[in-house]
Amino acid sequence: MKSVIYYFTGTGNNLQVAKKIAEALPDCKLVSMGKGEHDSNEVYDYIGFVYPTYALNLPRRVTQFIKEMSLEKSKNAYFFAVTGCGNISGVALTVPAKILAKKGVTLNFAEKIIMVENYVAMYKMNERNPEKYQIATDNIPALVQKIVAKTQQPVGKVNEPLNISTAIGQKLIYARKDKGFNVSDACTGCRTCEAVCPVSNIVMKNKKPSFKHNCEQCMACVQWCPKQAINYKNKTQSRGRYTNPSISLKELIDAINRKVRIKTEIYFEKLRLKYDLIFAYKNLIRNILILIFDI
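Sequential numbering of the sequence shown, starting at 119, is according to the working numbering.
Just to be clear, a hint being listed does not mean it is correct.
What the hints assert, rightly or not - Once the Cα atoms are required to be at most 30 angstroms apart in a straight line, the calculated DSS-like pairs of lysine-lysine come out as: (1) Lys268 to Lys297; (2) Lys242 to Lys220; (3) Lys326 to Lys230; (4) Lys216 to Lys368; (5) Lys230 to Lys138; (6) Lys353 to Lys138; (7) Lys242 to Lys221; (8) Lys153 to Lys216; (9) Lys120 to Lys368; (10) Lys242 to Lys147; (11) Lys147 to Lys325; (12) Lys353 to Lys295; (13) Lys230 to Lys323; (14) Lys325 to Lys345; (15) Lys368 to Lys345; (16) Lys137 to Lys368; (17) Lys295 to Lys264; (18) Lys295 to Lys345; (19) Lys230 to Lys368; (20) Lys137 to Lys295; (21) Lys268 to Lys295; (22) Lys264 to Lys297; (23) Lys216 to Lys230; (24) Lys191 to Lys264; (25) Lys326 to Lys250; (26) Lys185 to Lys242; (27) Lys297 to Lys120; (28) Lys250 to Lys120; (29) Lys325 to Lys242; (30) Lys191 to Lys230.
Claimed, not checked - Here are the computed distance ranges between Cβ atoms for each label pair: (31) Lys297 to Ile253: 16 to 26 angstroms; (32) Lys325 to Met119: 46 to 56 angstroms; (33) Gly222 to Met119: 43 to 53 angstroms; (34) Glu245 to Glu160: 16 to 26 angstroms; (35) Lys351 to Val266: 39 to 49 angstroms; (36) Lys325 to Val266: 12 to 22 angstroms; (37) His331 to Lys264: 35 to 45 angstroms; (38) Lys264 to Ser188: 24 to 34 angstroms.
None of these hints come from the bench; they were simulated from the model.
This structure is a prediction, so every number in the text was calculated from the model and none was measured.
Quick reminder that beta carbons are idealized off the backbone N, C-alpha and C, glycines included.
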């Protein structure tokens with residue numbers, strides 16, 4: 119039996135959830151939806167999606183990722199989706215269910231999990247965060263048990279007014295993209311922001327971060343900056359910072375870029391095999407010439 123969990127994370131909340139689920143599933147691998155891709159040649163028994171709720175919807179990259187998946191070999195898998203949110207998940211679970219349905223696949227299990235609210239562009243990172251984090255952590259085991267048992271819990275219906283407000287809210291957020299981000303003189307050029315961005319939207323220019331306008335508004339760059347040098351307009355300077363206590367900076371960076379490293383390893387392995395084949399043919403031709411011409 120094989121399992122895969124595709125996740126999207128900025129501050130580590132959803133990576134924490136994805137890891138806990140992965141630990142309980144058979145032969146499970148974690149793949150970032152930011153930089154990874156679905157292996158359509160594999161046959162999976164469990165296929166999961168773990169991601170945050172943004173503006174009562176799911177991140178654009180997650181929508182794009184699920185739409186691009188080829189699931190012909192895994193249509194009989196148990197599909198589950200978990201979205202982390204501060205309170206209301208909106209259509210963050212109904213959207214993937216509809217996308218999968220068009221592929222002839224049923225989303226067997228859908229559930230939200232209340233996590234620490236981390237959208238610092240709108241909220242203060244308050245003193246209750248440790249308490250909220252502990253509550254979220256305590257709720258994960260029950261969620262994991264349901265998934266392991268292949269519980270059937272399809273997504274519920276969402277009323278039309280919420281659908282409309284969700285669409286408007288997401289358009290307003292993404293209309294802003296990364297235009298409001300600014301970098302103070304406190305920046306040391308450490309490249310942390312570049313490394314934690316799940317969609318590679320940041321590059322360093324003259325030792326300062328530059329934004330490429332493909333932002334998901336995950337706020338990872340703001341939250342993980344060790345000098346608090348990145349801010350959104352004039353809103354986040356005094357709002358504090360939050361990153362998931364169970365996920366280190368190194369772990370987050372490794373997790374986000376894991377698929378990239380795997381691809382690199384595969385590339386060099388193919389390159390080695392190619393040269394091995396060339397040398398094998400060379401030796402074969404040499405031996406044939408020896409036999410024919412008695413060289």
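Now the hints, each set against the structure:
| no. | hint | in the structure |
| --- | --- | --- |
| 1 | Lys268 to Lys297 | 43 angstroms, violated |
| 2 | Lys242 to Lys220 | 39 angstroms, violated |
| 3 | Lys326 to Lys230 | 37 angstroms, violated |
| 4 | Lys216 to Lys368 | 35 angstroms, violated |
| 5 | Lys230 to Lys138 | 15 angstroms, holds |
| 6 | Lys353 to Lys138 | 34 angstroms, violated |
| 7 | Lys242 to Lys221 | 40 angstroms, violated |
| 8 | Lys153 to Lys216 | 23 angstroms, holds |
| 9 | Lys120 to Lys368 | 27 angstroms, holds |
| 10 | Lys242 to Lys147 | 34 angstroms, violated |
| 11 | Lys147 to Lys325 | 35 angstroms, violated |
| 12 | Lys353 to Lys295 | 15 angstroms, holds |
| 13 | Lys230 to Lys323 | 39 angstroms, violated |
| 14 | Lys325 to Lys345 | 14 angstroms, holds |
| 15 | Lys368 to Lys345 | 17 angstroms, holds |
| 16 | Lys137 to Lys368 | 15 angstroms, holds |
| 17 | Lys295 to Lys264 | 36 angstroms, violated |
| 18 | Lys295 to Lys345 | 22 angstroms, holds |
| 19 | Lys230 to Lys368 | 27 angstroms, holds |
| 20 | Lys137 to Lys295 | 29 angstroms, holds |
| 21 | Lys268 to Lys295 | 38 angstroms, violated |
| 22 | Lys264 to Lys297 | 41 angstroms, violated |
| 23 | Lys216 to Lys230 | 17 angstroms, holds |
| 24 | Lys191 to Lys264 | 24 angstroms, holds |
| 25 | Lys326 to Lys250 | 34 angstroms, violated |
| 26 | Lys185 to Lys242 | 34 angstroms, violated |
| 27 | Lys297 to Lys120 | 42 angstroms, violated |
| 28 | Lys250 to Lys120 | 33 angstroms, violated |
| 29 | Lys325 to Lys242 | 29 angstroms, holds |
| 30 | Lys191 to Lys230 | 27 angstroms, holds |
| 31 | Lys297 to Ile253: 16 to 26 angstroms | 35 angstroms, violated |
| 32 | Lys325 to Met119: 46 to 56 angstroms | 48 angstroms, holds |
| 33 | Gly222 to Met119: 43 to 53 angstroms | 22 angstroms, violated |
| 34 | Glu245 to Glu160: 16 to 26 angstroms | 45 angstroms, violated |
| 35 | Lys351 to Val266: 39 to 49 angstroms | 44 angstroms, holds |
| 36 | Lys325 to Val266: 12 to 22 angstroms | 47 angstroms, violated |
| 37 | His331 to Lys264: 35 to 45 angstroms | 39 angstroms, holds |
| 38 | Lys264 to Ser188: 24 to 34 angstroms | 27 angstroms, holds |
Hint compliance for this structure: hints 1, 2, 3, 4, 6, 7, 10, 11, 13, 17, 21, 22, 25, 26, 27, 28, 31, 33, 34 and 36 are broken, all remaining hints hold.
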